[in-house]
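Asks: Please model the complete structure; the sequences and the hints are all you need to start from.
Residue numbers (my numbering), protein chains in the order written: chain S, 1 to 371; chain X, 1 to 371.
For chains that are exact copies, the list does not tell them apart, and a pair is met inside one copy or across any two.
The calculated SDA-like cross-link candidates involving lysine to any residue, where the alpha carbons are at most 25 Å apart (straight line), are: (1) Lys-247 - Ser-338; (2) Lys-220 - Leu-180; (3) Lys-247 - Gly-207; (4) Lys-247 - Pro-340; (5) Lys-369 - Gly-341; (6) Lys-270 - Pro-192.
Since the hints were made in silico from the structure, they are not lab data. Predicted model, so just to flag it, every value in this text is computed and none were measured.
Number of protein chains: 2
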Amino acid sequence: MSDLTATISRIAPGGRIGILGGGQLGRMLAMSAAELGLRTHVYCPDLDAPAMDTASRSTRAGYDDAEALARFADSVDVVTYEFENVPAETARILAEHAPIRPGVRALATAQDRLLEKNFLTSCGIPIAPFADITGVNDLTAAMGRIGAPAILKTRRMGYDGKGQIKLDEAGESESAFSSLGKVPCVLEGFIPFELEISVVVARGLDGAVAAFDPVENVHKNHILDRSFAPAFIPAALAGEARAIATKIVIELDYVGVMGVEMFLLPESAKTSRLLVNEIAPRVHNSGHWTMDACAVSQFEQHIRAICGWPLGDPARHSDAVMTNLIGAEANDWLALASRPGLSVHLYGKSEARDGRKMGHVNELFPLGKRP
Amino acid sequence: MSDLTATISRIAPGGRIGILGGGQLGRMLAMSAAELGLRTHVYCPDLDAPAMDTASRSTRAGYDDAEALARFADSVDVVTYEFENVPAETARILAEHAPIRPGVRALATAQDRLLEKNFLTSCGIPIAPFADITGVNDLTAAMGRIGAPAILKTRRMGYDGKGQIKLDEAGESESAFSSLGKVPCVLEGFIPFELEISVVVARGLDGAVAAFDPVENVHKNHILDRSFAPAFIPAALAGEARAIATKIVIELDYVGVMGVEMFLLPESAKTSRLLVNEIAPRVHNSGHWTMDACAVSQFEQHIRAICGWPLGDPARHSDAVMTNLIGAEANDWLALASRPGLSVHLYGKSEARDGRKMGHVNELFPLGKRP
Chain S
1 MSDLTATISR IAPGGRIGIL GGGQLGRMLA MSAAELGLRT HVYCPDLDAP
51 AMDTASRSTR AGYDDAEALA RFADSVDVVT YEFENVPAET ARILAEHAPI
101 RPGVRALATA QDRLLEKNFL TSCGIPIAPF ADITGVNDLT AAMGRIGAPA
151 ILKTRRMGYD GKGQIKLDEA GESESAFSSL GKVPCVLEGF IPFELEISVV
201 VARGLDGAVA AFDPVENVHK NHILDRSFAP AFIPAALAGE ARAIATKIVI
251 ELDYVGVMGV EMFLLPESAK TSRLLVNEIA PRVHNSGHWT MDACAVSQFE
301 QHIRAICGWP LGDPARHSDA VMTNLIGAEA NDWLALASRP GLSVHLYGKS
351 EARDGRKMGH VNELFPLGKR P
Chain X
1 MSDLTATISR IAPGGRIGIL GGGQLGRMLA MSAAELGLRT HVYCPDLDAP
51 AMDTASRSTR AGYDDAEALA RFADSVDVVT YEFENVPAET ARILAEHAPI
101 RPGVRALATA QDRLLEKNFL TSCGIPIAPF ADITGVNDLT AAMGRIGAPA
151 ILKTRRMGYD GKGQIKLDEA GESESAFSSL GKVPCVLEGF IPFELEISVV
201 VARGLDGAVA AFDPVENVHK NHILDRSFAP AFIPAALAGE ARAIATKIVI
251 ELDYVGVMGV EMFLLPESAK TSRLLVNEIA PRVHNSGHWT MDACAVSQFE
301 QHIRAICGWP LGDPARHSDA VMTNLIGAEA NDWLALASRP GLSVHLYGKS
351 EARDGRKMGH VNELFPLGKR P
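Replies: Right, dumping it as structure tokens:
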């Protein structure tokens, strides 16, 4: 490894990181970069974006503004992003001016459910049965093969339950496809899972991989509500989950942090008990617990990876429960700030709209003591 | 207390904090404010000040620029400072436009060694014998009373061993007083201490007090080198140290975080074993370990206090050893970043001058396991 690392062009303290996207993930990435003495430049079309408040510098311009994108990329040593729906053309322009990490291939794969599922299948990673849907005829045929219930999802731009619809019987196919706008979709077999878990994994520029402990995720209204670190699953399954996440980042030649969501099937399952649900080529909401329970958070880990630094040790020093503050839940900030042992993180968003992620809290417990 | 807290004007998320001074303490205060969804405005005369890089907004102007000071204070909900040598006139101007916390009295007391010692004495807090020195005659008389060795310190502007000189015999008085520029001084009896400890204590706007565990400090070339959390001292002494720090913030009607440095005398001492060395009306280098070993760091604690939020629980979840990176020591960033379990904090300073604080690292250990 010393031969390999010797050839890495590392971004030293004082270097500049470009962050595409101005949400809370960009905000926390910028703070972690500052902890390492690195500067950040956030690029985002929105007024009053949360990340602009913690970045060293910011540019407000559209993702289709080629000139602004080029100037932005020229001003930094590396470009990263906090959301997977970066348009391909945007990524192409940026990549002409600065290294973009994670790379363009990871982005293209993770922003299209069909490409992602084909990629995972090609790696031999177990996933739910799926079908490519370009029209109602495909859907009818696929419902026959996969069976109800199933979930129809748009190939692109889905998140937090948006762009998807559950089909309880084949007869609902036409209305479901219409309600999603007749855009290209995938149909997924519905998985009666026991737990949803995720692994936040990182791969460095030197090829080293480090995975945080798998956590159990609980959703509310299709939005992540809580993550329990660690997931209470047998050590062998936790190891398998880590191995799956590791395989994915290696096969994609990935650099940075990735969130890998998985379903854990009941013990009675005939197949592998772990199926990958989806991957996110970025820091992940289910990794926010690492901010307070590990020496190096997922945000710092991502910054280390894309700057060619050694990855941090992903070991937990504490157990943790992360709870998202969605919409009006953030109005309870005073009560939350009063609870001993709770770390409060607020994203500086002025308007607490329904379903909007406003902040999160981490509660720490001694190792082995989480509820 | 509910009656009292009901009358507190709290600065809610989205509110603005003015920070006077642009060094690493301001930088870390700004990051902690952002974690709570608060905005910051840093005021500093220096170009390329570390705190400007993490603040929402910054003003570069002199501490004697009355107009810029007024505009700055008008733009924020509260003003705080990261260094105790804020000129009295600067503080007066700011206080006309915004609450200044900690208050003007704390600032005046802590920036003048004579006022500080008189204040501590008036509270019945044990300190080393001292004398007010305005001329060589005072010094000769004081050396006769206090005895050699003793330390002559300027009343104002001393830090990191600057502005002080050790007198091993009375005959050195004249040259020592001259070498310090014949400015007003205090003479302190030299204390043959066993340990130097410190307590980082906070007092909220509601009068609540919370003290982090006392730590042991080790200096190198008069600059803090390492802090060991917790200090290995008997529980009764740790309680006494906390009680002393608590008494000081109450007597000063203080709001914010304060560092209280103390000497621990050998068991054979005839007096109290704890003497207060000095107080710092701000976040303190010996509290940097709290960033990684407590749910709420000293920086967040200070922000909470000055914004009228409830203080965080100062309990440790881990033991910690903090090591400063002074000057060229920060060039080892890559080796430090490679050590598992180490949290690296760099201040974004471009030039690693001798004696300059460039960053620090925290190493965590399970409770009760620090070396």
